[in-house]
Amino acid sequence: MFDLYLDLSLLLSTAMLKNGGETYRAEECAKNILSAGGADEVEILAFPTGITVMARYSGKTYTRVRSLKVRVNNLGNIDFLNSLSREVSSGRMNPAEAISRINALPEQKDFLKRSVFACFTSAAFTLMFGGNFLEFILAIAVAFIAQLVVAQLKKIGSITFFSNMGGSILTALLARLCLLLLPDINISYIIIGGIMPLLPGLATINAIRDTLYGDLVSGGARGIDALLSAIAIAAGVGLVLAI
Amino acid sequence: MELLITLTATFFASLFFGLSLSAPKRTLFVAPVLGLTGYLVFTLINNATGSEYSAAFFGTLAACIPAEVFARIIKTPATVIIFISVIPLVPGMMLYQSMLFFAQNNFTSGTYEIIRTLVYSGCMAIAITVSTVLGKQLLTPLFKRINAKKIGSKH
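Those protein sequence lines, which keep their order, are chains A and B. Going by our numbering, the residue at position 39 of the first sequence is 23; the numbering climbs one at a time, nothing skipped. Going by our numbering, the residue at position 19 of the second sequence is 241; the numbering climbs one at a time, nothing skipped.
Don't take each hint at face value.
When the alpha-carbon atoms are kept at most 30 Å apart in a straight line, the in silico DSBU-like pairs for lysine-lysine are as follows [as the list claims (entries may be wrong)]: (1) A:44 <-> A:15; (2) A:2 <-> A:15; (3) B:247 <-> B:372; (4) B:366 <-> A:2; (5) A:97 <-> A:53; (6) B:247 <-> A:2; (7) A:2 <-> A:97; (8) B:358 <-> A:97; (9) A:2 <-> B:372; (10) B:247 <-> A:97; (11) B:358 <-> A:15; (12) B:358 <-> B:372; (13) A:53 <-> B:297; (14) B:366 <-> B:297; (15) A:53 <-> B:371; (16) A:15 <-> B:372; (17) B:372 <-> A:97; (18) A:139 <-> B:247; (19) B:371 <-> B:247; (20) B:372 <-> B:297; (21) A:53 <-> B:247; (22) B:297 <-> B:358; (23) A:15 <-> A:53; (24) B:358 <-> A:139; (25) A:15 <-> B:366; (26) A:139 <-> A:2; (27) B:358 <-> B:371; (28) A:97 <-> A:15; (29) A:2 <-> A:53; (30) B:297 <-> A:2; (31) A:97 <-> A:139; (32) B:247 <-> B:297.
Honestly, the hints are just simulated from the structure, not real lab data. The structure presented is a predicted model; accordingly, all values stated were derived computationally and were not measured.
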């Protein structure tokens, strides 16, 4: 029975880190679940790249490690996992059911739907920074293609540097192509709108929060991730504008 | 009229951004409204004082502190709301401007713009720090006490 709690704590924390949750939250969830399972002593060490769980239960010490290489941004999953860990640690749900629910979480296959929403985000930003109606329409088209390509690039290389660079280069290139066809538009608004959803907001916020909660290693790692993504986006745009 | 279009666009930008990251449905009204609030505060302070750094600070603060409170009311991680509500304040415009200057070989203006972007981001980071510390030190114990009272009154 305690094995199930161990499995669940490891699975849930890894999923939490994978979907972009904070490090302290992943540690807290695992700790609460193991305490609900009746562990006498729990120690957890989580990083953005993996998690170690140690628990003492009826005289035996259990240690498990799991590493993590792929990271995505999915706010719905963070919220789902958070409430799931509450349910389990308050005893309202048994761990076997929780494990089957986490395994049933949909993978990132709905990229078409996400790309449609992301392209409307870009178009709204184009309008917000002062673009007109024609630029709004063009921004939808440009951002849609760019987001589809970013989704494919993420499958090839899991590091955000690569996919963000491809996305920003493509956005700027497509915007310049639009300028060739329609000479009286302002491509700045289209490009800015296109790069806004790519900018590493979640990584930055998590870096700050992790550092404040004392997870210095996680904070630093996420900070570097955010900085690299921002540099990739800026360099991609600069590259195309300089041609 | 122009401000109205901008604010509507801000709301929908936040909303669609949340949807594209499959945010939970119960945050999809609160978070864009906070995004709108943050951007409105930013615009007002920027117009009144002309200092975009303090405007960025107070704008982010206006988006983040309510987000911490609402996150505890609807029981969701605070990042889920904060991430959606600060996105209108992210300095994409400045980043683009600096890259445009660098591409035109105008390094003086480019360096100026990139430092401006960095300081602006720093101001946003300080505001996020302040709201996180407030949430951690003030709101978490407060809501624990409120929840304990609720459970106590049920029995």
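Are the Cα positions of residue 97 of chain A and residue 53 of chain A separated by 30 Å at most? holds, 25 Å
Restraint check for residue 366 of chain B with residue 297 of chain B, where alpha carbons must lie at most 30 Å apart: Holds, because 12 Å separates the two Cα atoms, which is no more than 30 Å.
Between residue 371 of chain B and residue 247 of chain B, does the CA-CA distance stay at or below 30 Å? With Cα atoms ~28 Å apart, residue 371 of chain B and residue 247 of chain B stay inside 30 Å; holds.
Between residue 44 of chain A and residue 15 of chain A, is the straight-line Cα distance small enough, at 30 Å or below? holds, 17 Å
Residue 358 of chain B and residue 97 of chain A were given as a pair; does the straight-line alpha-carbon distance stay at or below 30 Å? violated, 35 Å
Distance restraint between residue 366 of chain B and residue 2 of chain A, which requires alpha-carbon spacing of 30 Å or less: holds, 28 Å
Next pair to validate is residue 358 of chain B with residue 139 of chain A; report whether the Cα-Cα distance is within 30 Å. The hint is violated at about 36 Å.
Holds or violated: residue 53 of chain A to residue 297 of chain B, with C-alpha atoms at most 30 Å apart: holds, 29 Å
Taking 30 Å as the top limit, are the C-alpha atoms of residue 139 of chain A and residue 247 of chain B close enough? holds, 27 Å
Residue 358 of chain B and residue 15 of chain A were given as a pair; does the straight-line alpha-carbon distance stay at or below 30 Å? holds, 18 Å
Please verify whether residue 97 of chain A and residue 15 of chain A have alpha carbons no more than 30 Å apart. Roughly 35 Å between the alpha carbons, so the hint for residue 97 of chain A and residue 15 of chain A is violated.
Just to be careful, I want the Cα atoms of residue 15 of chain A and residue 366 of chain B compared with a cutoff of 30 Å; is the pair within it? holds, 18 Å
Violated hints for the displayed structure, listed by number in ascending order: 8, 9, 15, 17, 24 and 28.
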